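There are 4 protein chains.
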Amino acid sequence: MIIVMSNVATEEQIESVIKRIEEKGLEASVSRGTERTVIGAIGDERSLDPELLESLPGVEQALHIVKPYKIVAREWHKEDTVIDIQGNLIGGKQIQIISGPCSVETPDQMEKSAKAVKAAGVRLMRGGAFKPRTSPYTFQGTGVEGLEMFRKAADKEGLPIVTELMDARQLDTFMKYKVDVIQIGTRSMQNFELLKEVGKVNVPVILKRGMSATISEWLMAAEYIAAGGNHNIIFCERGIRTFETYYRNVLDVTAIPVLKKETHLPVIVDPSHAGGKAWMVAALSRAAIAAGADGLLVEMHPNPCEAWCDADQAINPQELISLMGELRGIAKVIGREIL
Amino acid sequence: MIIVMSNVATEEQIESVIKRIEEKGLEASVSRGTERTVIGAIGDERSLDPELLESLPGVEQALHIVKPYKIVAREWHKEDTVIDIQGNLIGGKQIQIISGPCSVETPDQMEKSAKAVKAAGVRLMRGGAFKPRTSPYTFQGTGVEGLEMFRKAADKEGLPIVTELMDARQLDTFMKYKVDVIQIGTRSMQNFELLKEVGKVNVPVILKRGMSATISEWLMAAEYIAAGGNHNIIFCERGIRTFETYYRNVLDVTAIPVLKKETHLPVIVDPSHAGGKAWMVAALSRAAIAAGADGLLVEMHPNPCEAWCDADQAINPQELISLMGELRGIAKVIGREIL
Amino acid sequence: MIIVMSNVATEEQIESVIKRIEEKGLEASVSRGTERTVIGAIGDERSLDPELLESLPGVEQALHIVKPYKIVAREWHKEDTVIDIQGNLIGGKQIQIISGPCSVETPDQMEKSAKAVKAAGVRLMRGGAFKPRTSPYTFQGTGVEGLEMFRKAADKEGLPIVTELMDARQLDTFMKYKVDVIQIGTRSMQNFELLKEVGKVNVPVILKRGMSATISEWLMAAEYIAAGGNHNIIFCERGIRTFETYYRNVLDVTAIPVLKKETHLPVIVDPSHAGGKAWMVAALSRAAIAAGADGLLVEMHPNPCEAWCDADQAINPQELISLMGELRGIAKVIGREIL
Amino acid sequence: MIIVMSNVATEEQIESVIKRIEEKGLEASVSRGTERTVIGAIGDERSLDPELLESLPGVEQALHIVKPYKIVAREWHKEDTVIDIQGNLIGGKQIQIISGPCSVETPDQMEKSAKAVKAAGVRLMRGGAFKPRTSPYTFQGTGVEGLEMFRKAADKEGLPIVTELMDARQLDTFMKYKVDVIQIGTRSMQNFELLKEVGKVNVPVILKRGMSATISEWLMAAEYIAAGGNHNIIFCERGIRTFETYYRNVLDVTAIPVLKKETHLPVIVDPSHAGGKAWMVAALSRAAIAAGADGLLVEMHPNPCEAWCDADQAINPQELISLMGELRGIAKVIGREIL
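Protein chains in written order, with the UniProt record's numbering: chain A, 1 to 339; chain B, 1 to 339; chain C, 1 to 339; chain D, 1 to 339.
Pulled out of the complex, with its shape left as it was, chain A reads as follows:
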């Protein structure tokens, strides 16, 4: 850690910072510049809180110089982690598309969806049984019953399932229905109690980025899961909140190469929630794969105009087939593969 002293800091204040560093078992190295004195704290700085040092008199700024995350960091684990979801690999050379409707509605809708997913050559299916909704007065999801419909429809086509967990108390139900991938939604990215719970199970987790989470906060959220023992984590960029109002969120495509540099874990993209409109999905999907994403989470509905929620963001089965063709072409150009 580096501690920058104010230009009017006294010798006594400098001494007091040094003492605090040494109390924590680190070594202090003092460098006196022309305008400022800078103190380096040498040792494992993860135990030093910059805010504590900034509260000391005469300190202008205290900065970490090592990353606060460890298990998820590429710095300590150079090779790409490849996650195996019932035989379907994600990461490394393999790109996986995950598709399905926003909400589980009826057995018929789920059956048609599963067939359309399969027909497009997609190998993993998504669907929401428990839904986080902004208003208490709108459809809240079909719950456990929905989970059952989903499991049944997906099993018929041999598709592993991905669904969102909103509350730690639902985790047992998720285990009972053998959910193959647990999704942590954008509003739960910093629900630390929930992260600790999914850190204890042996099921891959898709961790969506919080609506206005920084890359660093997102990596720390993953570190919470990893610290519990579950290292099968997939990051999912889904658009961030900005000043722009034309579209729901701004897909942060830069996050893809940046995460690939900072972590060894796979990174996927949700183009449907990012833009919020079906007509934007193809362009955003292509951009994500071209930028190096390891997969996509795409909303598809057998009949979008009848969907119970987010009706205008789901593409239809025919559009999914055509999108898959483009994505395979792009994957090939950059030396990757969609099986």
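Any given hint could turn out to be false.
Said to hold, decoys possible - Pairs of lysine-lysine residues, derived as BS3-like cross-links and limited to a Cα-Cα distance of at most 27 Å, are as follows: (1) Lys-67(C) <-> Lys-67(B); (2) Lys-24(D) <-> Lys-112(C); (3) Lys-196(B) <-> Lys-176(A); (4) Lys-196(D) <-> Lys-200(C); (5) Lys-196(C) <-> Lys-78(C); (6) Lys-67(B) <-> Lys-261(B); (7) Lys-196(D) <-> Lys-176(C); (8) Lys-67(A) <-> Lys-260(A); (9) Lys-332(C) <-> Lys-332(A); (10) Lys-78(D) <-> Lys-93(D); (11) Lys-200(D) <-> Lys-196(C); (12) Lys-78(D) <-> Lys-260(D); (13) Lys-332(B) <-> Lys-93(D); (14) Lys-112(B) <-> Lys-156(B); (15) Lys-196(D) <-> Lys-260(D); (16) Lys-112(D) <-> Lys-24(C); (17) Lys-196(B) <-> Lys-196(A); (18) Lys-78(C) <-> Lys-332(C); (19) Lys-67(B) <-> Lys-78(B).
If you are wondering where the hints come from, they were derived from the structure by calculation, not from laboratory data. This structure is a prediction, so every number in the text was calculated from the model and none was measured.
Following the hints, complete the assembly by docking chains B, C and D onto the known chain A.
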């Protein structure tokens, strides 16, 4: 609701929108302009989802014209709601300051804190036993033990307590320790399952604004609590996330008059988390009260340099006393009162 | 325009709004709902100011329903505009890459740059002679002398030149050196006096998006140029300002399909300023082309470590060659062409 | 400056950074930590560009430790600067309110405005003759003719005038009409050529914050003016752009204490453009003064419903009188004065 058709919409598409509106039990009113046809849906539009209509062919935009919240809206409840916390009123003419340390640390620290709170003429005490922390490797709060220390220290001075609930599974413990005001933190503002739970108890709730929540989302989050039956809700503005990096968050002072217009419920401000630095607290506190806030949530620590978390944002007991004097002066100028 | 009256608006207030609409030569159509009265203003609403109507008593909201831009709108001009820069087409099927150094430094650097641009198969060259710099104490560009070096080096390789205009008083100099494309930088997007000036000349203009400009403001800025008579406008997305601090800006890839829908004019992307780091350029460039961009503005320097400004964002000649190969592959997948 | 090397940096790379620092005439101080080597550059770091160092192999991060601004910094000029506008002081103990209409419209409107300004006890008058408008199709200001009306009406009441300069070519006209304070608008904050021009004249300048300018960029923009020789600069916070859509901008009240700490120059606030609605002006004005602002720029119109632009954000003469009373009360509480 108003549905704006695209300039190339066909008669058939217009008919199909009208049919959909009528199916939902509303009446359609068509207005043909020079460049666009606009359809009004007359009736209780809360049952109509704009996204569903936007997914229909030929529709350019669908807009709600009434507010999606009801119980919390001033539109339906003109007078200010005054909340009574063990005899201490908040709202109407009365302003309440709530103060105390960020974290419950030790019995001694809590005792000193409670005394300082009392000495400054503050009537409600805050303190965190369960702490949401960005890193899994930093101090996570003293938990149930902390809650016990807090209750004890506060009781000695006759102060009602305010503390944060992070997980629905902790609610029973909160009831056992007779927490006087439950705080829902910024990261939990859209933890809908948690909101539903606190909607069922009969304890006042402070609902902090999510880091990047819009006014409308915030009101809807309160509506979740209210819909459960608990109408004792206090909004707490605590700074929003922006591009500025000099300070932790930007205190959104405009939210104060806006909320006072939109809702009858009290609105308070947390100047400590907003700025993130103790030296900003007085200026932000004065601004909040001058703008019409019904109270403040101010971090104070008997010895800030020794605090276990957020050390550089707590003011000390002497600063709290001096701040109270200024706030009383400002309250008087605008015809309000801090007892 | 639609005017939504407050739920307590009186008949008199409604009448007064109708009168105001009719005074402006439009027709009023009144629709009385269960909770609100809505008034439509039928006719050319561009002459009505929503803010004026919102200042009338009883009005809750006034909304435009037609777009405020006209010449640049695809609504009135369905086919893609293809811009011809000395025989090099941009728009339609043709994608153009524009490359070169951030700043014009020396004749030698410009000669090497031009050769590298040409060698990579790039047909248009960029370079900054006048530089907007955040600090008055850093390098401010080589000015007119730089423009001369640039013209000379580019002519030798037969490359048209693209360079930034910061001040209307420099326009004559630009005409003298026959600048082929005038770039309006991000800080000048709403320098309306400058936009009016470039609207009067017959030279293609690249209009960069303001750091926090909405799509609508950006289109209106282009409309300023177009209204002056110059319709050869190319939009350039270059990253927007958000809360994220890991990278300089967030490349808004969603803006690409959105602009392609809203306007008939070409849209290019500057991946270099967006990310701010050379190692991000390839990923962002691929994403932009995959999302449908009509071109790129890529910084390349013959020796990046020696560049006088933005040293860490320029790629080197070898990286440009390799990037061009990937971009050609992606263009082909989506049915487009880089000559 | 501090240069943090990557954890895999070689000795050769470290040497190369040291060499570069020494070439620039600074001294290098190397500190080898457990995970990273950190190099300090001792001397006048303003001549070192962090981006240049970050482009060197093995460098992870380069950070300035001194502020890049000098003339405007409080670090080098401890006492508050008090600016004298024709005998009216701003800064130090004195608070000044500046009021008047958004646009100069007619001689009659300006005469009524000047009378209302005077009657409220306000000593400085504002009004816009040249207007930056988002659309080329809306009212663009009354220009030189407007400036003349303004000068005449203000002279009659003995009020100094404040008006916006949008283009360097208008500066002579401003001098001719003896504009007392030149306003640089939010869209021009980084129009560096314009800043250089106003740096050369001897007239106080109000520098509005760019819509999404950081505190640091804003201070650097002021440094541009100061570097030219004009040190009579007044900062004006006018709301920043965020994700919130309920109000036009978010008034950044935290910027007030922060600027008062960073610079010796006065800081005022524009509550009218910040919120964008007349009913928010009083609350925001009180908050600004309570937070320590040295003044306000408040839009007032003799007949707001008839204003030619921004009609819904101007308060009326009676509201201005009542606001002045509240502000005087708050100023007194914090030991300041509105004459």
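Here is what the structure says about each hint:
1. For the hint pairing Lys-67(C) with Lys-67(B), the CA-to-CA distance comes to about 25 Å; that is within 27 Å, so the pair holds.
2. Between Lys-24(D) and Lys-112(C), the direct Cα distance comes to roughly 26 Å. Compliance with the 27 Å bound is thereby established for this hinted pair.
3. The suggested pairing of Lys-196(B) with Lys-176(A) holds, with an alpha-carbon distance near 25 Å, which does not exceed 27 Å.
4. Of the supplied pair hints, the one linking Lys-196(D) and Lys-200(C) holds, its CA atoms being roughly 26 Å apart against a limit of 27 Å.
5. Proximity of Lys-196(C) to Lys-78(C) is assessed by CA-CA distance (about 25 Å); at most 27 Å being required, the pair is judged to hold.
6. This hinted pair checks out: Lys-67(B) and Lys-261(B) have alpha carbons roughly 13 Å apart, not beyond 27 Å.
7. Between the alpha carbons of Lys-196(D) and Lys-176(C) the distance comes to roughly 25 Å, so the proposed pair stays at or under 27 Å and holds.
8. Distance check on the hinted pair: Lys-67(A) and Lys-260(A) sit about 15 Å apart at the alpha-carbon level, within 27 Å; holds.
9. Of the pairs offered as hints, the one joining Lys-332(C) and Lys-332(A) holds, with about 12 Å between alpha carbons and a cut-off of 27 Å not exceeded.
10. Taken as a hint, the Lys-78(D) and Lys-93(D) pair is honoured in the structure, with Cα atoms around 15 Å apart against an allowance of 27 Å.
11. Distance check on the hinted pair: Lys-200(D) and Lys-196(C) sit about 26 Å apart at the alpha-carbon level, within 27 Å; holds.
12. Distance check on the hinted pair: Lys-78(D) and Lys-260(D) sit about 11 Å apart at the alpha-carbon level, within 27 Å; holds.
13. At most 27 Å may separate the alpha-carbon atoms for a hinted pair to count; Lys-332(B) and Lys-93(D) meet this at roughly 22 Å.
14. Between Lys-112(B) and Lys-156(B) the CA atoms are separated by roughly 11 Å; this keeps the pair inside 27 Å, and the hint holds.
15. Between Lys-196(D) and Lys-260(D), the direct Cα distance comes to roughly 24 Å. Compliance with the 27 Å bound is thereby established for this hinted pair.
16. Distance restraint check for Lys-112(D) and Lys-24(C): the Cα-Cα separation of roughly 26 Å lies within the 27 Å cut-off, and the hinted pair is therefore satisfied.
17. Taking the CA atoms of Lys-196(B) and Lys-196(A), the gap is near 22 Å; set against the 27 Å cutoff, the hint holds.
18. The hinted pair formed by Lys-78(C) and Lys-332(C) meets the criterion: a straight-line CA distance of about 24 Å does not exceed 27 Å.
19. Distance restraint check for Lys-67(B) and Lys-78(B): the Cα-Cα separation of roughly 15 Å lies within the 27 Å cut-off, and the hinted pair is therefore satisfied.
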